[in-house]
Amino acid sequence: MTDAPTRSELRGRLGDSIARPDGVPKVQGTFAFSGDLSADGFLWGATLRSPYPHARIISIDLSGAWKISGVEAVITATDVPGKSTYGLISHDQPVFAVDVVRFVGEPIAAVAADHPETCRRALAAIVVEYEVLPPLVDPERAIDGSHAPVHPDGNVIRHQRIVRGDQTIQGPVIVEGTYELGMQDQAFLGLEAALALPDSGGDGIELFVATQWLHEDQKQIAACLGFPEDKVRLTLGGVGGAFGAREDISLQVHTCLLALRTGRPVRMAYSREESFLGHVHRHPCTIWMRHHADYDGRILRVEARFVFDGGAYASTSSAVLINGITHAQGPYKCENATVDGWAVRTNNLPCGAMRGFGVVQACFAHEGQMDKLAVAVGSDPVAIRLLNAMETGDRLITGQVIENVAPVARCIRETAALPLPSQPVGGHDLDPLRLPGGSGLTADVSHIRRGIGWGVAIKNLMYSEAFDDYSTARVRLADGVASVKFATAEVGQGFVTIAGQIVRSILGVDEVIIEAIDTTVGSAGSTSASRQTWMSGGAVDGACRLVREQLFQHVGQMHGIDPLRLTIDGRDVVDAEGSLRVSVTDASAGLELDQTFEHHHRPTEDLDEFGQGNCHTAFAFVAHRAVVDVDVELGLVKVVQIATAQDIGRALNPLSVVGQIEGGIAQGLGLAVMEEIIQIDGHVRNASFTDYLLPTFLDMPDVAISLIEEPDPMAPLGAKGVGEPPTISSTPAIVAAIRDAIGRDLTRVPVRPNDICLP
Amino acid sequence: MAESQIYSLHVNGEQREVADAWLGESLLFVLRERLGLMGSKGACEQGECGSCSVLVDGALVCSCLVLAAAAVGQQIVTIEGVAPVGSPSDVQQAFVDAGAVQCGFCTPGLIMAAHSLLERSPAPSEMEIREELSGNICRCTGYGRIIDAVQRVAVARIVVNGRGIDGGIKS
Chain A
2 MTDAPTRSEL RGRLGDSIAR PDGVPKVQGT FAFSGDLSAD GFLWGATLRS PYPHARIISI
62 DLSGAWKISG VEAVITATDV PGKSTYGLIS HDQPVFAVDV VRFVGEPIAA VAADHPETCR
122 RALAAIVVEY EVLPPLVDPE RAIDGSHAPV HPDGNVIRHQ RIVRGDQTIQ GPVIVEGTYE
182 LGMQDQAFLG LEAALALPDS GGDGIELFVA TQWLHEDQKQ IAACLGFPED KVRLTLGGVG
242 GAFGAREDIS LQVHTCLLAL RTGRPVRMAY SREESFLGHV HRHPCTIWMR HHADYDGRIL
302 RVEARFVFDG GAYASTSSAV LINGITHAQG PYKCENATVD GWAVRTNNLP CGAMRGFGVV
362 QACFAHEGQM DKLAVAVGSD PVAIRLLNAM ETGDRLITGQ VIENVAPVAR CIRETAALPL
422 PSQPVGGHDL DPLRLPGGSG LTADVSHIRR GIGWGVAIKN LMYSEAFDDY STARVRLADG
482 VASVKFATAE VGQGFVTIAG QIVRSILGVD EVIIEAIDTT VGSAGSTSAS RQTWMSGGAV
542 DGACRLVREQ LFQHVGQMHG IDPLRLTIDG RDVVDAEGSL RVSVTDASAG LELDQTFEHH
602 HRPTEDLDEF GQGNCHTAFA FVAHRAVVDV DVELGLVKVV QIATAQDIGR ALNPLSVVGQ
662 IEGGIAQGLG LAVMEEIIQI DGHVRNASFT DYLLPTFLDM PDVAISLIEE PDPMAPLGAK
722 GVGEPPTISS TPAIVAAIRD AIGRDLTRVP VRPNDICLP
Chain B
212 MAESQIYSLH VNGEQREVAD AWLGESLLFV LRERLGLMGS KGACEQGECG SCSVLVDGAL
272 VCSCLVLAAA AVGQQIVTIE GVAPVGSPSD VQQAFVDAGA VQCGFCTPGL IMAAHSLLER
332 SPAPSEMEIR EELSGNICRC TGYGRIIDAV QRVAVARIVV NGRGIDGGIK S
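Residue numbers (this note's numbering), protein chains in the order written: chain A, 2 to 760; chain B, 212 to 382.
So here's chain A without its partners, still in its complex pose (with noise of 0.2 Å):
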């Protein structure tokens, strides 16, 4: 069931471009995905989910489904064995709904059956009475205490201010604005799939998931299961895409117990409809702002409130709040601050994470603030920003120093360096293809309008508020060829790669073994916060110089030198003098190295009742520089080019890199442009491809980049992480040059286009 360890003889060490391992079963479709996974007498598992945003359950009447052929399993809240509720933060999530409904998709009930179309007529069959409540939708509601409490742990999920400095500080130059962003979707291909085969006694079980965190599963599982953690094993089922969609649970608890209640191996995999109410999503956003400055543009104070709407359940809300406003003042210097934040509970679809975690929100708010005060001070966009731009030993709002490398400055820079498009509106071809409207040819040349605009990034790493999210890696070398295990969850991202020029640099080996990855060792902690580079790439680092040790001492035995003296030198162990040179793969020869290593980020601080701590563990920072062409009569727009400089330490693989770089701006433009999942009191009225547009290779533009690498010495290996900070600042760009060429403010991602055409 499980994938042989995938043997790698790729060659490549670290700051190569090299090809990924699982590249070749990918592009040959033998790559298995979660939702690829069978086994012997397995059935279909479904789960039946609410149609209302909140309602009472009256009752559920499950016999109509027992009757279908086929049907082996129905089961509901009564039959969890466990802990009936689970979370990443606060565990105020049902399985199965009890007594009441809180979203639309929330799940009531699942079935296991022979086949799909079983599962679905079983669906169909079941009968739940409900009384329809009025559901709380606005967030301003959840706040002003004006709604009775959706949920016994109350309308807030998280309130936390910001106060620091001198909070009577006045302008002389005052900006001010309010900005909102629609509820995004991480939209990953690979939906939701997993396998799980209960133990013959029924007393533990085997998951294959996609996921972002197996351990954090785990114990989620198990608790729900009413299992010892370790009678919950998991592995990682192929991953199509994540982007923080996978970092909740979703059909984890569900499939297991089909499994254990029919003794039978069980699949469960979501349709795209189920997928875009079945996990949580970014969070829809209303900020305030207002900066003081002085007659340059020096920022003075920022005063700001934001909004986040959790949605039903709280998720990670509480995290994603405190990063939202820890990020209020951008990448600039700022001395005085007072910043109220919510995180509050409705009953729109429940948000969690999604790349760039609060900070895509923070982000569109400062930086429409930026444009504004370069306009009131009679500056320009890169001017006002590079007059702001914070520097390594800056003190963030939180009264934390930046530490990092923070080369802010030289991303707007070496943005501004990059050629703005040769190529004219429509191109020199005319080409209809290059035009707002696209294929549509709807575009008439002389109404495109060009606009240029400006966003900048900085961006936390790795978890913050006194959280130890460590990884864990084990490392072997025999014979001259190292394995690596470790539970971090390759998405896409590539993790498998650098894993693997780590090893080679390290030990001087060429081939290394990915081993399954599985909860049979220590945790990674999650693919996510960009973090993993970082993190399991920490503890990859650290696991090979314990073994490289353990080499280093065996050789230096063999042949009475200090192994202090010795180091590697390609693919030998040499001695600082040059006397001795043996191959890794003979000095390893009958030898078994095994070592373990955690990394652990520097500790980090809760924030205090005035928003003051070291809350965070490291920061990135990135420039995005948009051109667009605006259809103003259609509303339409065509992002022409996107350049882009971003801070990463160091590139392990330079490849890779413009990968997360592309891709994240991909996302960034989507949020610009396309996509919002739209309800309308609670009810979801895009959860399709048809409807919710993303991104395809007409709407995406050139993207001109270049890497900054100044390694940060905090970082393991130098490098940052690098997936989040595209999506960032890429949104607040494309919004800043359509309004540079519509000449009117905007307000409100995605921008749709009645906002540009009818004012």
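None of these hints come from the bench; they were simulated from the model.
Some hints could be false.
If you want a taste of the chain A side facing chain B, the calculated C-beta under 10 Å gives, among others [what the hints assert, rightly or not]:
id	residue
1	A40
2	V101
3	S272
4	N654
5	S707
Which stretches of chain A does chain B cover? Using the computed rule of at least three CB atoms under 8 Å from a CB of chain B, they are [stated by the list, open to error]:
id	stretch
6	188-196
7	323-333
8	429-440
9	487-501
10	530-536
These stretches of chain A come out as covered by chain B in the derived footprint (C-beta under 8 Å, 3 or more residues) [said to hold, decoys possible]:
id	stretch
11	510-519
12	748-759
Source: prediction; values computed, not measured.
The beta carbon of each residue, even a glycine, is placed where N, CA and C say it ideally should be.
Assemble the complex: chain A is given as a structure, and chain B must be docked to it using the hints.
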């Protein structure tokens, strides 16, 4: 399921019997679940994303939109029929080398679409590549490296002998 029937499909050069299948099953479902050809992926079930792309009588189609029983008598080529395991086609190898693969879920569909494009248009312009592949959604890469991969193949094929040597789909 009660409403089943036996029929056979011509897939990757072989006649394959489909037993006990419900007639409502899509070609994608039958390829994956009845014939064990898991390379074609389902991601939207409505022909929007291209992940399930296969060739039916030479035409690129979304197998999620085709009823399997309606494909009887037609020549079907899936990702598994493009090249032997371990011997990737030129397009497949270019995707690996150019960094066009991240999570890889969209990849088999894109490989089918890219092969189909290069068969019809050996030297496509960048805009032609974008237009032709715009029915395939990728959420990871931002498409840049995929365009690069397709361009690499086009150049390499022209360099070798004008067009379409080994890399083409044999159906």
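Worksheet item: Which of the numbered hints are not met once you compare them with the structure shown?
Response: 1, 2, 5, 7, 10, 11 and 12
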